[in-house]
Amino acid sequence: MESVLLVDRRDGWTLLTLNRPDRLNSFNEDLHRALRAALDAAAADADCRAVLLTGAGRGFCAGQDLSARVGLAEAPDLGTTIDTFYNPLVRSIRALGKPVVCAVNGVAAGAGANIALACDIVLAARSAKFIQAFSKIGLVPDSGGTYFLPRLIGDARARALALLAEPVPAEQAAAWGMIWKAVDDGSLMGEAEALCTHLATQPTFGLGLIKQALNASAANTLDAQLDLERDLQREAGRSPDYAEGVAAFMEKRAPTFTGRGS
Numbered sequence: 001m002e003s004v005l006l007v008d009r010r011d012g013w014t015l016l017t018l019n020r021p022d023r024l025n026s027f028n029e030d031l032h033r034a035l036r037a038a039l040d041a042a043a044a045d046a047d048c049r050a051v052l053l054t055g056a057g058r059g060f061c062a063g064q065d066l067s068a069r070v071g072l073a074e075a076p077d078l079g080t081t082i083d084t085f086y087n088p089l090v091r092s093i094r095a096l097g098k099p100v101v102c103a104v105n106g107v108a109a110g111a112g113a114n115i116a117l118a119c120d121i122v123l124a125a126r127s128a129k130f131i132q133a134f135s136k137i138g139l140v141p142d143s144g145g146t147y148f149l150p151r152l153i154g155d156a157r158a159r160a161l162a163l164l165a166e167p168v169p170a171e172q173a174a175a176w177g178m179i180w181k182a183v184d185d186g187s188l189m190g191e192a193e194a195l196c197t198h199l200a201t202q203p204t205f206g207l208g209l210i211k212q213a214l215n216a217s218a219a220n221t222l223d224a225q226l227d228l229e230r231d232l233q234r235e236a237g238r239s240p241d242y243a244e245g246v247a248a249f250m251e252k253r254a255p256t257f258t259g260r261g262s
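Residue numbers (my numbering): 1 to 262.
Hint data in this document are derived by calculation from the structure and do not stem from the laboratory. There may be inaccurate statements among the hints.
Here are the simulated distance ranges between beta carbons [to be verified]:
| hint | residue 1 | residue 2 | range |
| --- | --- | --- | --- |
| 1 | R157 | P76 | 28 to 36 angstroms |
| 2 | E74 | E235 | 46 to 54 angstroms |
| 3 | T80 | R157 | 26 to 34 angstroms |
| 4 | L222 | V7 | 35 to 43 angstroms |
Using N, Cα and C, we set each Cβ at its ideal position, and we do this for glycine too.
Kindly produce the complete structure, drawing on both the sequences and the hints.
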């Protein structure tokens with residue numbers, strides 16, 4: 001039986017492919033557990049300096065697989081599902097001390113859309129669409145949807161998308177600042193892989209500190225953020241990659257970063 005998640009370790013980075021194409025890569029418990037384990041492994045692997053997340057087949061991820069919930073005698077506790085699976089997944093992506101790139105190759109709906117938005121850099125095929133599908137079945141956007149959307153595209157657009165569940169084409173998502181860019185369908189994986197190959201040569205420790213600063217920014221006052229920047233810069237300034245970057249600049253050569261903090 002083929003794995004619900006394909007893990008391909010490349011030179012300096014890891015490709016993770018959601019692999020339930022017959023279900024538009026919707027989440028069940030097996031996929032949740034496999035993806036969390038793969039992200040934990042990437043976090044612990046010093047040789048992995050970037051992660052690329054994508055989906056197999058014609059879609060990225062349709063969110064929760066609802067088929068297991070048909071015909072239940074009583075309503076499931078969706079809060080427990082979120083606490084057990086979705087919230088830890090989003091936190092894991094945001095906290096990972098290296099860049100997470102998402103290549104959205106088709107529909108990204110419900111939690112699938114918001115897991116994509118939790119990643120650091122999102123590329124989408126021009127045919128892809130992002131849908132906050134929750135209201136269609138009487139639910140609330142989860143997996144960070146009510147957090148990410150207002151910050152990315154503003155309150156008015158976030159409210160309309162959450163309440164109306166209208167699909168947002170990839171080019172519109174890029175124009176609104178929801179994602180980094182839309183690319184031709186045939187170029188998506190090539191561009192995403194080239195981006196990860198580049199990130200694998202960069203000062204990974206410093207990139208992880210950038211993620212920390214950006215993650216804290218939305219909740220911090222200016223004074224608190226200035227203090228955080230100071231503290232993180234102190235850490236960055238002690239790293240071998242900073243010393244290498246300065247030396248390479250002075251010697252007019254390309255730097256060779258190790259990605260390590262010490």
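Q: Please test the hint of 35 to 43 angstroms on the beta carbon pair from L222 and V7.
A: Hint holds: Cβ distance 41 angstroms, inside 35 to 43 angstroms.
Q | Verdict for T80, R157 (Cβ pair) under range 26 to 34 angstroms | A | holds (31 angstroms)
Q: Please test the hint of 28 to 36 angstroms on the beta carbon pair from R157 and P76.
A: For P76 against R157, whose Cβ atoms are near 31 angstroms apart, the range 28 to 36 angstroms holds.
Q: With 46 to 54 angstroms as the target window, see if E74 and E235 comply at their CB atoms.
A: For E74 and E235 the Cβ distance comes to about 50 angstroms; the hint holds.
Comparing the model with each earlier hint shows no violations; every hint is respected.
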